[in-house]
Amino acid sequence: MAQNFAHGNYSHTQKKARTGKGGRTSADRNRRTLSQNFLVDRHAVDLMVKAAAPAGLVLEPGTGEGVLTLALAQAGAQVVGYEIDPRLAGLLAARTRDDPRIEVVRGDFTRARAPREPFAVVGNIPYSITSKIVDWCLRAPSLTSATLLTQREYARKRTGDYGRWSLVTVESWPWFGWRLGDTVGREAFRPVPAVDSAILRIERRPEPLVDDPRSYRQLVELGFGGVGGSVRASLRTRYDGVDAALDAAGVPRDAVVGYVHPDQWVTLWGRLCR
1 MAQNFAHGNY SHTQKKARTG KGGRTSADRN RRTLSQNFLV DRHAVDLMVK AAAPAGLVLE
61 PGTGEGVLTL ALAQAGAQVV GYEIDPRLAG LLAARTRDDP RIEVVRGDFT RARAPREPFA
121 VVGNIPYSIT SKIVDWCLRA PSLTSATLLT QREYARKRTG DYGRWSLVTV ESWPWFGWRL
181 GDTVGREAFR PVPAVDSAIL RIERRPEPLV DDPRSYRQLV ELGFGGVGGS VRASLRTRYD
241 GVDAALDAAG VPRDAVVGYV HPDQWVTLWG RLCR
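In the numbering used here, the protein residues as written are 1 to 274.
It is worth saying that the hints were derived from the structure and are not from the lab.
Check each hint, because a few of them may be wrong.
[Claimed, not checked] The list that follows gives simulated cross-link-like pairs (lysine to aspartate or glutamate, EDC-like), each with its CA atoms no further than 16 Å apart:
1. Lys50 - Glu203
2. Lys157 - Glu187
3. Lys50 - Asp196
4. Lys50 - Glu65
5. Lys157 - Asp196
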């Protein structure tokens with residue numbers, strides 16, 4: 001049987017749909033109220049497994065029907081899968097009850113306690129709570145990597161693919177690298193969502209790029225605070241030697257915060273905070 005971990009507004013899928021009755025089965029209603037869009041394309045599953053290179057303990061947010069769960073186990077991972085839909089959790093638990101590589105937990109992944117041992121996260125996750133899942137991953141001390149199938153726009157924003165960088169990426173950069181992977185078209189899901197997805201890879205660095213998390217985050221948050229309209233104007237409200245630091249980092253003096261590369265923030269920190 002599936003373990004009952006927790007209840008919450010969670011599904012492994014993407015679109016929030018209207019609820020209703022009108023002859024729908026309980027599965028139909030769950031698919032709508034829990035925003036379920038199942039990954040059905042085998043090639044997309046293979047792309048996820050290749051990107052994740054699973055080994056050891058893997059947590060999967062939202063197992064759904066278990067297509068990715070089984071693929072991860074077959075690739076050599078010890079999978080703990082979370083699914084809030086009791087019907088799906090029960091079906092997958094029954095299907096895998098004799099497979100020691102898979103444990104199914106009925107509940108909200110974002111409420112789970114992170115393992116103390118090294119682990120990875122791999123999953124096809126819902127657009128609506130992508131940020132919540134990413135935040136959970138970034139806070140987990142023993143996380144080695146997260147390989148997430150997200151809305152393509154989200155993955156592009158977080159990896160600088162639009163030429164701009166977000167606060168989440170810059171603030172976590174000394175500890176995690178962010179990489180945009182393959183695009184997975186909307187036709188790979190049932191029901192078909194409105195937009196395409198992409199594989200987002202977040203990987204913990206062997207060694208942090210800074211040795212004082214607090215001062216680094218204070219620097220970045222001030223820069224993103226928008227005081228004065230430029231990074232230079234913002235940083236000069238608190239730090240001395242800003243112009244020399246900008247020159248060392250290769251940042252133009254009129255640069256807007258989103259166009260400063262995360263590596264340049266590390267250089268700025270080294271010049272202004274050490």
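Tested hints:
Restraint check: the Cα-Cα separation between Lys50 and Glu203 comes to about 14 Å, which is no more than 16 Å; the hinted pair holds. Using a Cα cut-off of 16 Å, the hinted pair Lys157 and Glu187 is violated, with the two alpha carbons roughly 22 Å apart. With a C-alpha separation of about 19 Å, the suggested pairing of Lys50 with Asp196 is violated against the 16 Å cut-off. For a cut-off of 16 Å, the pair hint linking Lys50 to Glu65 is broken: about 20 Å separates their Cα positions.
At roughly 14 Å between alpha-carbon atoms, Lys157 and Asp196 fall within 16 Å of each other, so this suggested pair holds.
Hints 2, 3, 4 from the list above are not met by this structure, while the remaining hints are.
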